[in-house]
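> Here are the chains, one letter per residue:
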Amino acid sequence: MTDLPGLSRRSLLVSAGVAGIAAATPGLAGCGASGDPAGGAHGDRLTLGTTQIMQFDPYQTNSALHIHSFYSYLIDYAPGGYRTVPAGAEKWTIGSDFRSVTITLRAAKFHDGRAISAEDVVAGVKRALNPKDGFTLVQPSEFIEKATAVDKRTVRIDFHYAVAEGIVLDWMFSFPLVPADHNSGAALANKPAGSGPFRLVEYDPNRRLRLARNADYWDKGKPRLKEIEFRFFQDDQAMVSALQSGDVDGAMYLEFNDVAQLKDQFTVAQGSGRMDIFFMNGGMPPFDNVRLRQALARAIDREKIIKQVRFGIGDPVYAPIMPGSAGFDKSYLTSHAFDLDAAARLLKKAGGERRATAAVSSDPGASQMMQIIQDDFKKIGFELTLKPMEATAFLNDLFAGKLECCVANQPNTLQSPGLVARGRAMLPSQDNVMMKNRVPQSYIDAVHACNTATNAAAQRDAYARLNKVIVDGAWAVGISTKKSLAGLRRQISGYAVDQRDYLILDNLRTR
Amino acid sequence: MRAAGSGRLRPATAEPHPVEEHPGEPALRISDLVVEFSTPAGTVRAVDHVTYQVARGETLAVVGETGSGKSVTVLAALGLLSAGNVRRVSGRAEVAGQDLLALPARERRTRLGADVAMIFQDPMSALDPVQRVGDQIAEALRAHDRALTARTARARVLELLTLVGVPQPAIRYDQYPHQFSGGMCQRVVIAMAIANRPKVLIADEPTTALDVSVQAQILELLRLAARETGAATVLITHDLGVVAEMADRAAVMYAGRIVETAPVARIFDRPQHPYTASLLASLPRLDQPQGRLRAIPGQPPDLRERSAGCAFAPRCPIGGDRPECRTERPVLVARDDGAVACHHAGQAVTLLPQPDARPSVAPPARPDDAPAVVEVVGLAKVFPIRRGLLARTVATARAVDGVDLRIGHGSTLGLVGESGCGKSTLARSLLRLLEPTAGSIRIDGADLLRANGRQLRRLRQRVQMVYQDPYSSLNPRLSVGDNAAEPLRLAGVPRTQRRRTVLELFEKVGLRPEHADRLPAEFSGGQRQRVAIARALAPSPAVVIFDEPVSALDVSVQAQVLNLLRDLQDETGVAYLFVSHDLSVVRQMADTVAVMYLGAIVETGAASQLYRRPRHPYTRALLDSIPVPDPSIRRQRVPLTGDPPDPTAATTGCRFRSRCPLGRERAACADRTPELRQVDGRWTACHFAEEVA
Amino acid sequence: MSAYLLRRVGQFLVVLVLASIAVWAMVYALPGDAATVLAGPDASGPQIAATRARLGLDKPVVVQYLLWVKGAVTGHLGQSFYSADSVSHTLAERIPATVQLAVLGMLLALLIAIPIGTLIALRPRSLLARLLHGYLTAGLAIPSFWLALLLIITLAVRTHALPATGDYVNFWQHPVAALRWSILPAIAVAVHGSCIIARFLATSLSEVMQRDFIRTVRAKGVRESRVVIRHAMRNAALPTVTVVGIQLGSLLGGTVVIEALFNYPGLGRLLYTSIGQRDYAVVQGGVLFVVVVFLVLNLLVDLLYAYLDPRIRLA
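Chains as they are written, first to last, in the UniProt record's numbering: chain A, 1 to 511; chain B, 1 to 693; chain C, 1 to 315.
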């Protein structure tokens, strides 16, 4: 990357002749003046742009792409699949009755220098079981009864019931190591306390986040970079310009329409991302009519949406189950494919009110996506009125169960289809914001069956039941996966994104 | 020389210099000057081959109406025309032998203020409002003498301020123009003009914007300035009285040309050009018996429509129909001690009114016992002056302070006073546009101040008003006919009847009824004032209030309007309240006159008596201040000193005391406020009225 | 003068209190709160309630407002929901950036506007004046975000001459870097401002040049340059000062669009983000700062007016 300043200087000569402010440029373009907040990688440091907001509590998994830099988790999955890689846990043994797991922790240190101990895991589990502070770990930890420290580096976790191995692994993959005395939402709100590859140097909300190599990181030789700086952008276009002009070395969470202009000059990396799901609120008319929901589910043109809204990036899904998961049954994509005739037929039989209001979030693409759905619904005689909403207002009404229908994201189900029950629109209880007290008992049972199926046959059966009940219930109709996109300078390699969309930065390097 | 008398007449450092007698080498010679402007309607020649010269020590008055080119001539000569549409300036403008127009602009500028200086019409706007007055004068010095130090310049400015009669010059130096009265501003402008002892002094309507008493002071000062500097003076004015008082020679301009030039005495005595003669004849005068004015018919010429013949021909009472006047433009030829541009010069003198031959057509003064149309008793209007955090009233301005008035049916009351005396406040109170603080007003016997709702609306129909500025008093978006019909519309008169009434009125006020549908913009000032008069008369009022109705009009038009007002009154028997600062105009119009000073009436009585033998020293001083258009009676005047005082200042005793020439030290004047008392057949508020001769 | 100042300060406080209530009411009227944002889409009901309680958002709005007022009176503007920093600290980090950009933008605008306005006023018929008129028309018509994109594409993306993003570097410590990182956003904000100011200046200057006193000054024999600079300009400055004040006020209030496009860490971007995140205390603090800026600028403009115009000063 040492040639970058030279590049600026060369381009200066070009611009000096053209630019009206030529007189001002010589001094200004002199890169590397002290106090320069410049991007431009200098061998072992990188600047990355992102449009996401940041926080430091690993129990809040949403939009925290950098979180894997601060924390070690019990295990990692190798990229592209679900092969386990020891991380915070050196080894682990699942009890033969599938009702416990005994974990041996790696001898490693937190950033503050203290050794990681079994008590930290015990405290962490306790928090995950606290519905008031466990945040997104509450639901995945629901099968756990308690955690006990066996010795300093061994911890035993007991379950309420026999649990599928995948559920345990997915849980270990999601479980961060946090010092016991820092492990609360309040303590982690503004600064991290982990053992991950990078330490926090500086955090200026809305402006920048600077990370520096953790010299004590247990994985020797990593991270490869000395420093990484995230710069926060509000405007995607500004971030793309910054990448193009060399102000940043990479741009995270690009929008789909940026890919075309970047792919010739930059590496565009795709992460597994989340899923776009069309939700219909079974708690209120007209969607309290299951046959109506089933009819409309056939009128969602996944291919068209992927092609027009996502620029061809992404795979179709029929339900909030991620392709690659053991429970993903692609035959549903044909049996319940887009078919307006079938939809019209079903709708006719369903009866009921033929109009509804669709809330449209401010996410890029959300409105085009809903317009495509609106057009197709119209063709079968269902009138959809679009109501654009600001991001927070959208979220607020979604959680309050006030939206009639909308497109929202669902997280990756990892290797356990039962994780479909994460997220408030898919809860197997009356807290489900889309179905409320109408959540089908068969769904609750199927989720439980998935989580507790410990042999292959039971799993097959449970997954089939789950698929059927979700497709028949038709309140959450899959559209497609929504990949996370990043643009990087060609010189950068080692970029990876894990199954939760967390950036894996410890292998990042420049040529 | 009371005005400037407090200072030394000449700065001690100044070299005494001999005042050259004219004729000699002319200090200013303008020859063949032509100025043209391009306008959307075509080229306008505003100045057409004008030639005149002034010698050192001589005063030349250039007389003319709006658009005659009298100001444009000098502005062009000095390169001060700032309009963007100047198309052509040709000819010569020599100052001490050097043609200014031949000089490059930069060099010409260096002559200004040094060789030739100018004094402008509106002194308040002639000074930069954000620069200290003293610095503005010093700038005139330092522009021509770079070596001058700030300290020396300041000393010189203080001398100049003393010379022009600005009291407390050291304090005044650091003040700003808005802290000066109009008269004081004009003194400053004069100081600026004479700072570098110019060879030529040009004064463009120097007293037009000022009150009569101040006008007299400034004229005195101009005389002093000319004497001090020995400069040749060009006095541009429309006021023949000023000409008679000030000038040695006069040049009369009409439509961009000089039509007559001669020594002042000859001009007034034996005018050769019919225009000169007509102007003189149309003036209302203080010194002669009143009658119908000899108005010049028609309007001042439109320069865009230049005819081949004499520009004055359409209005000329002599040449009128003779073919040579229509086809051949008369040139200026020497005649009788001067020069004149007329095919029939010599006949003009017959146009002058013969004092003895003039019929005494003054209508018999209407008897005082005619039924009162307007009766005002003890009227007062006090304005609070608010200041400070809570806008508390810290002082009051007694704009009108206990005024009694009576206007009889069919008669005219003239209300005279200087600016700020409260005459406009009084007029507006009569319409109840202002709510008086105390007193009563009766219109036709009905109490105006107690009236409300429909009653008030009906009473307001009985009192109508004509304003000074005919350009802003008409609604520019309504046709003149609709403008005139407005009071009738308010009174609920149906449309067809309104129309009929308006057309009749147009006939009466001398407007062509077929023009009723035109917009005001198509009319001249005089015609607009006729529209305003028609509007005032439309609801058949009992009284019409005229607030300076002719002061915005040219002299020739003024007479037409005054005659019209007379005729209308004779015809309809409407009463007039005629508010004006111009005593000659009031004399022409009024049966009874009331003189106002600081919110109170100081003298009132029959016009003839009051003008002949004023008993209040203020009335006397006002009459003395007016320049009389007769060079044979240049008087040694006793003008008032100082400015009209501030109405917020609390006074005890006689309010005129501070400016009274009778001796302001008398105890009675300070102790007791003089009440109006009957003296010599009129009412006067002066303890010593008997002493005023 | 002191009574005047006292009255102004009184007005000040009233406006401030009203503004704070209005801002509070408006932000609360928006659906959703910081707990919703913080907890994220995957959070459960009890978690959100817990977050709400932790942030104090479970109290009645009026109580929250009064608590904030209580803090504000003692100098604590509260705490951002999203960072460990106090609102005062957050603002204190942003305000210098915004002030620097605003001042730089305004200086540029004046640098462009004064010669253009003067030239158009003095030589309205010249070819150059006509060309500059074109600039003024274009500058007013072109939205500044479009200009910003144009600058980014030509000077940053295509040629790499300047960074596409802006950033705040203290000018007094690193003047070159500071200019480098703020010159493009400064140009983007300056062009529009310069057109408005130049128009005002041209109009009032040409009006002043027609006034009688200019003729008097010329008649004194004063050089034309001095006529313009010392007499005409000073008078023409009066109405222009007001426009400059308003312009500077809106720049100091933060230019949301420009700051977003250049990713400049100014107040506008902070407010924009904070409104989206329902970060009430930051929004409140930021808006009140903007209100104070406007009030102070207004006062300064009035004082400058009084300084420039003795008719006001000595009335």
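Because the hints were derived from the structure by calculation, they are not lab data.
These numbers come from a predicted model, not from an experiment.
Please note that the accuracy of each hint is not assured.
Claimed, not checked - List of simulated lysine to any residue pairs, SDA-like, C-alpha gap at most 25 Å:
hint, chain 1, residue 1, chain 2, residue 2
1, A, K191, C, E93
2, A, K132, C, L57
3, C, K59, A, K263
4, A, K191, C, I153
5, A, K387, C, A29
6, A, K132, C, R52
7, A, K263, C, I153
8, A, K132, C, I153
9, A, K191, C, A29
10, A, K109, C, Q79
> Would you check the hint for A:K191 and C:A29, treating anything up to 25 Å between C-alpha atoms as holding?
violated, 31 Å
> If you draw a straight line from the CA of A:K132 to the CA of C:L57, is it 25 Å or shorter?
holds, 15 Å
> If you draw a straight line from the CA of C:K59 to the CA of A:K263, is it 25 Å or shorter?
violated, 50 Å
> Taking only the CA atoms, is the gap from A:K132 to C:I153 under or equal to 25 Å?
violated, 49 Å
> For the pair supplied as a hint, A:K387 and C:A29, is the alpha-carbon distance within the 25 Å limit?
holds, 18 Å
> CA of A:K263 to CA of C:I153, is that 25 Å or under?
The given pair, whose Cα atoms are some 18 Å apart, holds under the 25 Å limit.
> With a cut-off of 25 Å on the C-alpha distance, tell me whether A:K191 and C:E93 pass.
Satisfied, since the Cα-Cα distance of roughly 19 Å is no more than 25 Å.
> For a C-alpha distance cap of 25 Å, please report whether A:K132 and C:R52 respect it.
Status holds; Cα separation ~11 Å.
> Regarding the pair A:K109 and C:Q79, is the alpha-carbon distance no greater than 25 Å?
The hint is violated at about 32 Å.
> Quick one, are A:K191 and C:I153 close enough, alpha carbons at most 25 Å?
violated, 37 Å
The structure does not agree with the numbered hints 3, 4, 8, 9 and 10 stated previously, though it agrees with the rest.
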